[in-house]
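Asker: One line per chain: the protein sequences are Y and A, in this order. Using my numbering, read the first sequence as starting at 1 and increasing by one per residue. Using my numbering, read the second sequence as starting at 1 and increasing by one per residue.
Worth flagging that the hints you see were computed from the coordinates, not collected in a lab. Here the structure is a predicted model, which is why all the values come from computation and not from measurement. By construction, the Cβ of each residue, glycine as well, lies at the ideal position given by its N, Cα and C atoms. You may find that some hints are simply not true.
Straight-line Cα separation of at most 25 Å, BS3-like style, residue types lysine-lysine; simulated pairs [said to hold, decoys possible]:
id, chain 1, residue 1, chain 2, residue 2
1, Y, Lys64, A, Lys93
2, Y, Lys76, Y, Lys64
3, A, Lys113, A, Lys99
4, A, Lys99, Y, Lys65
5, A, Lys112, A, Lys99
6, Y, Lys65, Y, Lys76
7, A, Lys112, A, Lys6
8, A, Lys6, A, Lys99
9, Y, Lys68, A, Lys93
10, A, Lys113, A, Lys6
11, Y, Lys65, A, Lys112
Now the stretches of chain Y that chain A is said to cover, found in silico as 3 or more residues with beta-carbon under 8 Å [stated by the list, open to error]:
id, segment
12, 20-27
13, 64-77
One letter stands for each residue in the lines below.
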Amino acid sequence: MVACMPVVENPVPRDPADALAAAVALRRLADQLEDAAVEQAMREGWGWPLVAEALGVTRQAVHKKHAKRLIAAGVKLRRRGDDRV
Amino acid sequence: MTAFDKYLHAVIVRAVDEAREGGSTLVEAHHLLLSIAADQEAVTHQILASVGLDHAGVRDALDREFEHSLSTVGVSLTAYDLPAPSPSAERPKIGASAKLALDRMISSVARKKDLRPPHVLLGVLQAQVGKVPRALARAGIDQAALVARVLQALDDDDGGQ
Numbered sequence: 001m002v003a004c005m006p007v008v009e010n011p012v013p014r015d016p017a018d019a020l021a022a023a024v025a026l027r028r029l030a031d032q033l034e035d036a037a038v039e040q041a042m043r044e045g046w047g048w049p050l051v052a053e054a055l056g057v058t059r060q061a062v063h064k065k066h067a068k069r070l071i072a073a074g075v076k077l078r079r080r081g082d083d084r085v
Numbered sequence: 001m002t003a004f005d006k007y008l009h010a011v012i013v014r015a016v017d018e019a020r021e022g023g024s025t026l027v028e029a030h031h032l033l034l035s036i037a038a039d040q041e042a043v044t045h046q047i048l049a050s051v052g053l054d055h056a057g058v059r060d061a062l063d064r065e066f067e068h069s070l071s072t073v074g075v076s077l078t079a080y081d082l083p084a085p086s087p088s089a090e091r092p093k094i095g096a097s098a099k100l101a102l103d104r105m106i107s108s109v110a111r112k113k114d115l116r117p118p119h120v121l122l123g124v125l126q127a128q129v130g131k132v133p134r135a136l137a138r139a140g141i142d143q144a145a146l147v148a149r150v151l152q153a154l155d156d157d158d159g160g161q
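My request is simple: use the sequences and hints to build the entire structure.
Answerer: Dropping the structure here:
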C-alpha cells in the first residue's frame, strides 16, 4: 500500500474465506434493507413507480419481487390513479 | 414412507419455514441445520447437545457469523434499526448449499436404504466453507470433532442392529 494513503480502518479482508463471506453477508443485509424499506415506503403511501425509480429498477421488477409479500402482510397498496401523497 | 423418509421430509419442511421466516428466498444449508436442531430425533439431538447446540444455539451462532462477516468489511449491524420486513409470501426454493448437503448425505451411504437421521446432519457438516462452518467456528465448536461424533453414533447404531 502507498505510504501517503490515509489509514484504512477496514481494508478488504485478506483471507478469501472472509472476503467471500462478507460479500454474502452484505448481499443479505442489502436484501433485508430493501425488503424493509420498500415495505415502509408502501405503508407510507408511495406508489410502485416511485419505489422502482428510487431503487433504479423497473416497476415490473419491484412489483414482482415485493407485491405478494406486501399484500400478504396486509399493506394497503396504492392503485394507479390514486392521488399521490 | 420409511421412518427416515418421514424424518427427512419433516426436516426439509421445517427448513423451508426457517428460510421464509428469515426473509430468504432460498433454503440454504444453515436452514437445514436449524431444522435438524429443532427436531426431537434422539440420536442427532444428543450429538448436537454434546457440543452444547440446540436450535437457539445454532441461531445465535448464525447471527454472530453474520455480524462478524459484516464487521470484516467495516459494516456494523447495530447501525441498522429498520423494522423487520414481513416474511416472503412465496415458498423458498432449495438453494445450492442445501442441495450440496443433501447430495453429500446420499453419497455418505452405499445404498439409499442405509440412510438414517444422523446422515442428514453429516451432509450439512461436510461443508468446508460457507455459513455453517463459519458459524460453528464462531461458536467455538470443532467441526471435525463434531463430524467424528456423528460417524461414531452411526457406527454404534450399526453395532446395535
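Asker: Now look at each hint and say whether the structure bears it out.
Answerer: Going through the hints against the structure:
| no. | hint | result |
| --- | --- | --- |
| 1 | Lys64/Y / Lys93/A | holds (16 Å) |
| 2 | Lys76/Y / Lys64/Y | holds (16 Å) |
| 3 | Lys113/A / Lys99/A | holds (19 Å) |
| 4 | Lys99/A / Lys65/Y | holds (24 Å) |
| 5 | Lys112/A / Lys99/A | holds (16 Å) |
| 6 | Lys65/Y / Lys76/Y | holds (16 Å) |
| 7 | Lys112/A / Lys6/A | holds (14 Å) |
| 8 | Lys6/A / Lys99/A | holds (18 Å) |
| 9 | Lys68/Y / Lys93/A | holds (16 Å) |
| 10 | Lys113/A / Lys6/A | holds (13 Å) |
| 11 | Lys65/Y / Lys112/A | violated (38 Å) |
| 12 | 20-27 | holds (count 6) |
| 13 | 64-77 | holds (count 7) |
Violation of the numbered hints given earlier is confined to hint 11; every other hint is satisfied by the structure.
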